Amino acid sequence: DTEVTQTPKHLVMGMTNKKSLKCEQHMGHRAMYWYKQKAKKPPELMFVYSYEKLSINESVPSRFSPECPNSSLLNLHLHALQPEDSALYLCASSQGPIAGTGELFFGEGSRLTVL
Amino acid sequence: TQLLEQSPQFLSIQEGENLTVYCNSSSVFSSLQWYRQEPGEGPVLLVTVVTGGEVKKLKRLTFQFGDARKDSSLHITAAQPGDTGLYLCAGGQGAQKLVFGQGTRLTINP
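Chains as they are written, first to last, in the numbering used here: chain A, 23 to 137; chain B, 273 to 382.
It is worth saying that the hints were derived from the structure and are not from the lab. Model, not experiment: these values are computed from the prediction. Hints are supplied without guarantee of correctness; some may be wrong.
[As the list claims (entries may be wrong)] With a Cα cut of at most 16 Å, we get these calculated EDC-like pairs of lysine to aspartate or glutamate:
| hint | chain 1 | residue 1 | chain 2 | residue 2 |
| --- | --- | --- | --- | --- |
| 1 | A | 31 | B | 277 |
| 2 | A | 63 | B | 313 |
| 3 | B | 369 | A | 89 |
[What the hints assert, rightly or not] Per label pair, the in silico range of CB-to-CB distance:
| hint | chain 1 | residue 1 | chain 2 | residue 2 | range |
| --- | --- | --- | --- | --- | --- |
| 4 | B | 291 | A | 73 | 39 to 49 Å |
| 5 | A | 77 | B | 311 | 38 to 48 Å |
| 6 | B | 291 | A | 106 | 13 to 23 Å |
Even for Gly, the Cβ is constructed at its ideal location relative to N, Cα and C.
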């Protein structure tokens with residue numbers, strides 16, 4: 023069983039909807055990440071939070087809005103998405119403050135479909 | 273730009289055969305990780321290698337980090353259908369973000 027929990031597992035939304043993806047970890051990790059993965063492709067980094075502060079934003083469109091309420095929780099708020107945003111959204115955490123120094127522990131992902 | 277190239281991209285073999293997957297770069301990495309991902313799930317960490325020339329074994333899987341820390345290989349002995357999945361290598365370099373290879377999609381046929 024993964025120690026990074028993501029909800030919901032599946033989400034279908036229209037282009038005018040507002041929804042949120044949630045992620046939780048209780049391993050005491052201080053870095054948390056959002057990745058986007060399209061079919062048959064590797065994960066692409068979107069955001070990195072280090073000690074609850076946004077440290078990396080990979081030029082992600084503003085229709086994706088991350089939030090880190092505390093060291094265990096990470097949200098991704100979605101608004102006015104496009105059909106091409108349909109993908110598997112993966113949350114990950116690591117012990118180290120910044121990706122590249124630590125191993126990543128991934129959740130099972132949230133499969134998003136935008137109609 | 274750091275790049276990790278994996279080969280082959282696709283591999284389909286019969287149960288019981290051996291195989292090797294390669295992960296190559298022109299950049300030096302301080303560590304390299306291998307993940308396996310099954311359909312509809314997140315990647316799961318298999319191993320991390322940090323020392324040039326290091327070899328790690330995980331049951332039938334053998335991982336090697338190149339002496340110059342620019343490349344790595346994953347060798348599977350006597351492959352089983354449960355080994356089927358997407359294998360991803362990922363390199364770290366100090367404080368920079370992790371770089372993922374394109375992945376090797378492995379299918380083991382019974």
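What hint numbers does the structure not satisfy? Of the numbered hints given earlier, those the structure breaks are 1, 3, 5 and 6, listed in rising order.
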